[in-house]
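So the chains spell out like this:
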Amino acid sequence: MSTPFYVSPQQAMADRAEYARKGIARGRSLVVLQYTDGIVFVGENPSRALHKFSEIYDRIGFAAAGKYNEYENLRIGGVRYADLRGYTYDRDDVTARGLANVYAQTLGTIFSSVGEKPYEVELVVAEVGETADADQIYRLPHDGSIVDEHGSVAVGGNAEQISSFLDQRHRDGMTLAEALRLAVQALSRDTNGTEREIPAERLEVAVLDRTRPQARKFKRIVGRQLSRLLQAPDAASAPTDVPSDTEE
Amino acid sequence: MEANTRSFGRLPAAFLTPGSSSFMDFLSAHSPELLPGNRKLPDGIVEAPHGTTIVAATFPGGVVLAGDRRATMGNMIAQRDIEKVFPADEYSAVGIAGTAGLAVEMVKLFQLELEHFEKVEGEQLSLEGKANRLSTMIRSNLGMAMQGLAVVPLFAGWDIDREKGRIFSYDVTGGRSEEHGFAATGSGSIFARGSMKKLYREDLTEQQAATLVVQALYDAADDDSATGGPDMARRIYPIVTVITDEGFRKLTEAESSEIARSIHERRLEQPDGPRAALL
Chain A
11 MSTPFYVSPQ QAMADRAEYA RKGIARGRSL VVLQYTDGIV FVGENPSRAL
61 HKFSEIYDRI GFAAAGKYNE YENLRIGGVR YADLRGYTYD RDDVTARGLA
111 NVYAQTLGTI FSSVGEKPYE VELVVAEVGE TADADQIYRL PHDGSIVDEH
161 GSVAVGGNAE QISSFLDQRH RDGMTLAEAL RLAVQALSRD TNGTEREIPA
211 ERLEVAVLDR TRPQARKFKR IVGRQLSRLL QAPDAASAPT DVPSDTEE
Chain B
8 MEANTRSFGR LPAAFLTPGS SSFMDFLSAH SPELLPGNRK LPDGIVEAPH
58 GTTIVAATFP GGVVLAGDRR ATMGNMIAQR DIEKVFPADE YSAVGIAGTA
108 GLAVEMVKLF QLELEHFEKV EGEQLSLEGK ANRLSTMIRS NLGMAMQGLA
158 VVPLFAGWDI DREKGRIFSY DVTGGRSEEH GFAATGSGSI FARGSMKKLY
208 REDLTEQQAA TLVVQALYDA ADDDSATGGP DMARRIYPIV TVITDEGFRK
258 LTEAESSEIA RSIHERRLEQ PDGPRAALL
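Read top to bottom, the protein sequences are chains A and B. The first sequence begins at 11 in our numbering and counts up by one. The second sequence begins at 8 in our numbering and counts up by one.
If you're looking for bench data, these hints aren't it; they were derived computationally from the structure. Note that the Cβ used here is the ideal one computed from N, Cα and C, for glycine as well. Some hints here could point you the wrong way.
[To be verified] Just so you have them, the derived chain A footprint on chain B, three or more residues with Cβ under 8 Å:
1) 24 to 34
2) 120 to 131
[Unchecked claim] Here are the computed distance ranges between Cβ atoms for each label pair:
3) B/N45 - A/S18: 47 to 55 Å
4) B/K115 - A/G139: 20 to 28 Å
5) B/E262 - A/P56: 41 to 49 Å
6) A/L60 - B/N82: 36 to 44 Å
7) A/E140 - B/K205: 48 to 56 Å
8) B/T212 - A/E170: 57 to 65 Å
9) A/V157 - B/E135: 43 to 51 Å
Here chain A stands alone, though its shape is the one from the complex (with noise of 0.2 Å):
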């Protein structure tokens, strides 16, 4: 009978981390970012159905880089959390605090249990203050580490160059259409810093937006929302960009 080899904790945590991070490279990263009424989600998707972007709760969105499988499997699980604490407590009892903390549980009790393999992605939950100061915006890596983040984010395979370009541009008070064409400069950079054109019908764009009458932030924004956004010359000359619920 053979003696199995003998692996140390820090090898194969390292190795669990790397097979991780390595499928999470695989898929496209996204970014989000504040602006004046809220939060923007930014990403390349080619799919009109499968979204990498959601609402969870009234406030509280969602996005995702990696597998699709094992975050749509946590994003259900999470519309679940948040619909069943608010209807056995009140609405204003779900926070993006208390969900992206179940959610670091999740995936921490995942990454380090040895009978399972780690989940290969990593999330955003941002909930949608009153104010740009009470907004709230959490990075979850797939080791069940977690992230107070403001400004912007970006996750993925390319998040940490992104993040950078991200962090030298943004800035407080930006409009949505200024926001969103900085997050999709910074999304079409190669790894080599060349640039390349991401066309509209790629983009798979969300907001939370605080100024909506209904208690539900989150939309979608698509078609010729979308394009005039892209298209706005500069922030001096653009229109005010409240997202009309009237078109779509």
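With chain A's structure known, arrange chain B on it following the hints.
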């Protein structure tokens, strides 16, 4: 994964198990005690406030749904400003006659059911699907209905596929029927229906349809002691909601008081309301 059912902190396995898009199905599997239908009731009759008359009417371009504001418990007026008409989602609304406490809870669960489906699937249920879902919920309440705690809703919405407003009425067993033109439910519904029968036309404008349903509520309150008319002294007016292709809208207090006041003015001269032609 199976070792983690109900552990704290991480999402319980039931949350991550692929399953149906229905929140009610999830609840009945995970926390069945939270479902209203699963509650055990003691024997005997429970006295609880009841809501009364709900009316609805379609017009080209949409549908209006309205309710009076009175809740009664036996002979007593339990509440004068109760709300019995609620948005179910962006394109539909539900008005409830029957046991107020259960009805409000049922509406809350119904709203959540529709929202949950929409979030999980990424698109809304069809109007027909929403109406059927409400049927199931009423059916699960049958045990309580047998003890006098019935809930009888009226469901109205804009059908995006057929591009028209539609009304569905229910009985206590969950039996569902689509109504054409107008409908009413609750103790004052016989009078409301008679009123609308004489006044309804197919070419009403939105404003006229809103006036029509308030006229009907006025007539119901006139003859049914459990239905409350517009309360001018306390400024409590019927709740009127409109659903069109632009979605759900509740008339502001200014708008509904305007309609109620003008009807009231006319009734001071003509207590029985507008007259229909004899032939």
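Checklist entry - Hints broken by the structure, by number, lowest first? => result Of the numbered hints, just 6 does not hold.
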